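Protein chains in written order, with numbering that gives the first Met the number 0: chain A, 0 to 99; chain B, 0 to 344; chain C, 0 to 172.
Simulated from the structure, these hints should not be mistaken for lab results. Note that the coordinates shown come from a computational prediction; the quantities given were computed from them, not determined experimentally. Take the hints with a grain of salt, since some may be wrong.
Think about it this way: if two alpha-carbon atoms lie no more than 35 Å apart in a straight line, the pair counts; the simulated DSBU-like pairs of lysine-lysine are [stated by the list, open to error]:
{"no.": "1", "chain 1": "B", "residue 1": "K14", "chain 2": "C", "residue 2": "K162"}
{"no.": "2", "chain 1": "C", "residue 1": "K128", "chain 2": "B", "residue 2": "K325"}
{"no.": "3", "chain 1": "B", "residue 1": "K77", "chain 2": "B", "residue 2": "K63"}
{"no.": "4", "chain 1": "A", "residue 1": "K98", "chain 2": "C", "residue 2": "K162"}
{"no.": "5", "chain 1": "B", "residue 1": "K63", "chain 2": "B", "residue 2": "K14"}
{"no.": "6", "chain 1": "B", "residue 1": "K325", "chain 2": "C", "residue 2": "K162"}
{"no.": "7", "chain 1": "B", "residue 1": "K77", "chain 2": "C", "residue 2": "K162"}
{"no.": "8", "chain 1": "B", "residue 1": "K67", "chain 2": "B", "residue 2": "K35"}
{"no.": "9", "chain 1": "B", "residue 1": "K146", "chain 2": "C", "residue 2": "K128"}
{"no.": "10", "chain 1": "B", "residue 1": "K77", "chain 2": "B", "residue 2": "K325"}
{"no.": "11", "chain 1": "B", "residue 1": "K146", "chain 2": "B", "residue 2": "K14"}
{"no.": "12", "chain 1": "B", "residue 1": "K63", "chain 2": "B", "residue 2": "K146"}
Sample of chain A residues at the chain C side, in silico, Cβ under 7 Å [claimed, not checked]:
{"no.": "13", "residue": "V1"}
{"no.": "14", "residue": "S4"}
{"no.": "15", "residue": "L9"}
{"no.": "16", "residue": "A19"}
{"no.": "17", "residue": "L22"}
{"no.": "18", "residue": "T29"}
{"no.": "19", "residue": "I30"}
{"no.": "20", "residue": "I34"}
{"no.": "21", "residue": "A50"}
{"no.": "22", "residue": "L55"}
{"no.": "23", "residue": "V64"}
{"no.": "24", "residue": "A70"}
{"no.": "25", "residue": "V74"}
{"no.": "26", "residue": "I78"}
{"no.": "27", "residue": "V82"}
{"no.": "28", "residue": "F83"}
We treat Cβ as the ideally placed atom computed from N, Cα and C, and that holds for glycine.
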Amino acid sequence: MVPLSYYLVLSGFLFACGVAGFLIKRNIITIFMSIELMLNGVNLSFVAFAAHWHVLAGQVFVFFVMVVAAAEAAVGLAIIIAVFRTRETLNVDQVNLLKL
Amino acid sequence: MALPIWLFILASVIKSAIVLGVLLTAVAYTVWLERKVVGHMQNRWGPTRVGPFGLLQPAADGLKFLFKEDLTPPHVYKPLFIAAPLIAVIFALTSISVIPFGNSVMIAGYSIPLQITDVNTGLLLILGVTSIGVYGVALAGWSSNNKYSLLGGLRASAQMVSYEIALGLSLVGVLIMSGSFSLRDIVQAQQGHFWGFIPRWNIFHGQFIGFFCYLMAAYAETNRIPFDLPEAETELVAGYHTEYSAMKFAMFFMAEYANMITVACLATLLFFGGWNGPLFGPPLLQALLPVFWFGAKIFAFLFLYIWVRGTLPRFRYDQLMAFGWKFLLPLALVNLIATAIAVAW
Amino acid sequence: MSVHLILFLAFGAICVAGAVNLLAQTHPINSALSLIAVMAALAGEYLLLGAEFVAAVQVIVYAGAIMVLFVFTIMLLNAGVEERTKGSRVAVLFGIPGMLLGSILVGWVVLRHSGTEAVAAGALPGDPKVIGQLLFHEFLLPFEITSVLILIAIMGAVVLASKPPTAPARKVD
Numbered sequence: 000m001v002p003l004s005y006y007l008v009l010s011g012f013l014f015a016c017g018v019a020g021f022l023i024k025r026n027i028i029t030i031f032m033s034i035e036l037m038l039n040g041v042n043l044s045f046v047a048f049a050a051h052w053h054v055l056a057g058q059v060f061v062f063f064v065m066v067v068a069a070a071e072a073a074v075g076l077a078i079i080i081a082v083f084r085t086r087e088t089l090n091v092d093q094v095n096l097l098k099l
Numbered sequence: 000m001a002l003p004i005w006l007f008i009l010a011s012v013i014k015s016a017i018v019l020g021v022l023l024t025a026v027a028y029t030v031w032l033e034r035k036v037v038g039h040m041q042n043r044w045g046p047t048r049v050g051p052f053g054l055l056q057p058a059a060d061g062l063k064f065l066f067k068e069d070l071t072p073p074h075v076y077k078p079l080f081i082a083a084p085l086i087a088v089i090f091a092l093t094s095i096s097v098i099p100f101g102n103s104v105m106i107a108g109y110s111i112p113l114q115i116t117d118v119n120t121g122l123l124l125i126l127g128v129t130s131i132g133v134y135g136v137a138l139a140g141w142s143s144n145n146k147y148s149l150l151g152g153l154r155a156s157a158q159m160v161s162y163e164i165a166l167g168l169s170l171v172g173v174l175i176m177s178g179s180f181s182l183r184d185i186v187q188a189q190q191g192h193f194w195g196f197i198p199r200w201n202i203f204h205g206q207f208i209g210f211f212c213y214l215m216a217a218y219a220e221t222n223r224i225p226f227d228l229p230e231a232e233t234e235l236v237a238g239y240h241t242e243y244s245a246m247k248f249a250m251f252f253m254a255e256y257a258n259m260i261t262v263a264c265l266a267t268l269l270f271f272g273g274w275n276g277p278l279f280g281p282p283l284l285q286a287l288l289p290v291f292w293f294g295a296k297i298f299a300f301l302f303l304y305i306w307v308r309g310t311l312p313r314f315r316y317d318q319l320m321a322f323g324w325k326f327l328l329p330l331a332l333v334n335l336i337a338t339a340i341a342v343a344w
Numbered sequence: 000m001s002v003h004l005i006l007f008l009a010f011g012a013i014c015v016a017g018a019v020n021l022l023a024q025t026h027p028i029n030s031a032l033s034l035i036a037v038m039a040a041l042a043g044e045y046l047l048l049g050a051e052f053v054a055a056v057q058v059i060v061y062a063g064a065i066m067v068l069f070v071f072t073i074m075l076l077n078a079g080v081e082e083r084t085k086g087s088r089v090a091v092l093f094g095i096p097g098m099l100l101g102s103i104l105v106g107w108v109v110l111r112h113s114g115t116e117a118v119a120a121g122a123l124p125g126d127p128k129v130i131g132q133l134l135f136h137e138f139l140l141p142f143e144i145t146s147v148l149i150l151i152a153i154m155g156a157v158v159l160a161s162k163p164p165t166a167p168a169r170k171v172d
């Protein structure tokens with residue numbers, strides 16, 4: 000029997016890794032993947048709580064999170080491709096034409 | 000009687016070993032069957048020299064692959080270059096673990112199902128393994144550091160991802176009629192006869208369009224003619240397996256034929272009644288006859304695969320993608336809606 | 000040490016290793032493959048919690064479609080090893096210890112105050128039939144809205160990623 004808190008700690012760690020990757024990495028695709036890692040961490044805590052309180056709505060919500068993540072990944076990657084066509088780079092530090 | 004845990008593990012290990020052995024032999028002899036059948040269609044003999052009727056040809060081919068020089072070109076991305084054929088083969092062989100071959104047999108008082116594992120979501124597991132199998136192709140094409148491989152790999156994986164949708168939707172019609180994802184339940188829902196002699200297979204029970212969609216989508220998923228542009232020699236040298244030689248190439252080959260066999264098994268289970276067939280004779284024969292009927296139906300499907308390969312030309316890539324998205328997907332949706340309406344009434 | 004705990008720790012170790020590897024690798028394709036490993040291990044965790052449909056959808060949709068999209072983009076754009084800038088060095092210097100400190104703090108609080116309520120293996124069986132009934136009865140409106148959302152995303156992605164129309168070539172007289 001695994002305590003609920005173990006699942007929450009794992010979920011929190013995955014979320015923290017996602018945040019760290021989002022802030023540290025400079026390649027736009029890796030930043031995007033850190034966002035997906037954050038979403039996965041949150042999914043785990045949804046399913047863990049659904050199992051703890053015996054409410055199936057948690058699992059249904061995970062389904063919706065995955066659908067939204069798919070839509071966001073598709074549009075985000077299309078934007079990345081469009082940016083790459085004009086700026087020729089995937090490094091976020093170099094997409095800074097609007098900077099003062 | 001329910002099995003004690005140690006006996007369950009022992010039975011699972013024995014079943015896995017038997018199924019793996021049979022599957023790998025079947026893969027080798029499907030290659031032999033293809034060469035013979037395509038040869039006869041082209042009015043020539045096919046392999047005849049090694050053993051009677053060329054039956055030892057797969058053994059000779061295996062030895063050849065073992066002894067060939069395994070060349071790794073210098074500029075490839077080595078970890079993925081070595082991992083990609085492994086991924087392809089592992090996931091091609093994994094989906095056989097939920098396929099039931101027959102009813103349960105009684106051995107020493109215990110009822111052992113003829114299936115390595117019967118999960119509630121067996122069909123979803125096969126779809127999931129098919130989705131992961133795309134990585135073998137994509138990573139092989141990219142890691143080879145070769146423009147033909149990259150283009151072939153991208154084309155092949157885009158084709159596989161596109162036809163997965165039509166594949167999944169064509170199976171939902173069967174699911175609506177059976178009410179369960181478990182493959183054993185789907186086969187058991189097809190027992191019995193209509194009007195005394197037409198078997199209650201799903202294909203006679205209204206899923207003919209579903210079967211057609213499934214067959215087309217499966218031919219595209221396994222990259223076989225008429226959908227094999229990504230690996231055609233005249234097109235892209237050899238597509239994603241250009242830079243592979245010896246054992247790694249043999250692994251891609253094995254993965255392709257194992258996928259063919261899985262597709263044939265699924266078509267049998269979902270549309271043709273699985274192991275249901277006329278039973279006669281003493282009880283021992285009756286326990287083994289379902290496996291025989293299952294094998295016979297799979298053989299018919301493999302023959303159909305090879306027949307289509309010997310007969311049809313291949314589609315151009317844009318025709319292939321247009322067929323998948325603009326014809327097969329709407330057809331599968333229409334099948335789904337029609338089945339849902341028919342079942343609701 | 001029940002089998003449940005051992006399996007949880009095994010899958011959890013793969014998740015943690017994959018997440019750390021995603022941060023540590025410099026080439027995006029290695030990060031993508033680590034993320035796929037994390038997703039596969041998470042599917043195993045979902046199975047331990049009894050969510051079979053969610054685990055299957057995680058493998059089919061997340062690891063089998065979304066990550067294929069990522070891998071395609073990395074291959075097409077030929078993203079090379081990423082470079083280290085001043086900003087990223089500062090972020091690593093302050094960020095990694097900060098993140099570790101934060102996670103340890105939160106983890107300690109959670110573990111200390113949570114008591115021993117345990118989640119049994121396969122606690123809430125989420126088989127497709129029950130989830131389907133929920134999706135089409137209580138959650139019908141979100142279901143239909145997300146399907147419209149996906150349609151919008153398809154149209155947006157196709158428009159954004161298509162090549163801009165080039166001017167027709169002028170014929171030389």
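Verification of the hints:
1. B/K14 - C/K162: 53 Å, violated
2. C/K128 - B/K325: This hinted pair holds, its Cα atoms lying about 30 Å apart.
3. B/K77 - B/K63: 24 Å, holds
4. A/K98 - C/K162: 27 Å, holds
5. B/K63 - B/K14: 30 Å, holds
6. B/K325 - C/K162: Within the cut-off at roughly 22 Å; holds.
7. B/K77 - C/K162: 33 Å, holds
8. B/K67 - B/K35: Given that 35 Å is the threshold and the Cα spacing comes to 24 Å, the pair holds.
9. B/K146 - C/K128: With a Cα-Cα distance of about 46 Å, the restraint between B/K146 and C/K128 is violated, given a limit of 35 Å.
10. B/K77 - B/K325: Since the Cα atoms of B/K77 and B/K325 sit roughly 39 Å apart, the hinted pair is violated (cutoff 35 Å).
11. B/K146 - B/K14: 43 Å, violated
12. B/K63 - B/K146: Distance of about 28 Å is within 35 Å: holds.
13. V1: Where the cut-off is 7 Å and the nearest Cβ of chain C is about 5 Å from A/V1, the hint holds.
14. S4: This hint holds: A/S4 lies near chain C, its Cβ roughly 4 Å from the closest one there, short of 7 Å.
15. L9: Given a least distance of 5 Å, the restraint on A/L9 holds.
16. A19: 4 Å, holds
17. L22: This hint holds: A/L22 lies near chain C, its Cβ roughly 5 Å from the closest one there, short of 7 Å.
18. T29: 5 Å, holds
19. I30: 10 Å, violated
20. I34: Constraint on A/I34 not satisfied, violated at 11 Å.
21. A50: Since the shortest Cβ distance to chain C is 4 Å, the answer is holds.
22. L55: Holds, about 6 Å.
23. V64: 10 Å, violated
24. A70: 4 Å, holds
25. V74: Since the shortest Cβ distance to chain C is 5 Å, the answer is holds.
26. I78: 6 Å, holds
27. V82: At 10 Å from the nearest chain C Cβ, A/V82 fails the 7 Å test, so the hint is violated.
28. F83: A/F83 check passes; min Cβ-Cβ to chain C is 5 Å, inside 7 Å.
The structure fails hints 1, 9, 10, 11, 19, 20, 23 and 27 (numbered hints given earlier, in ascending order).
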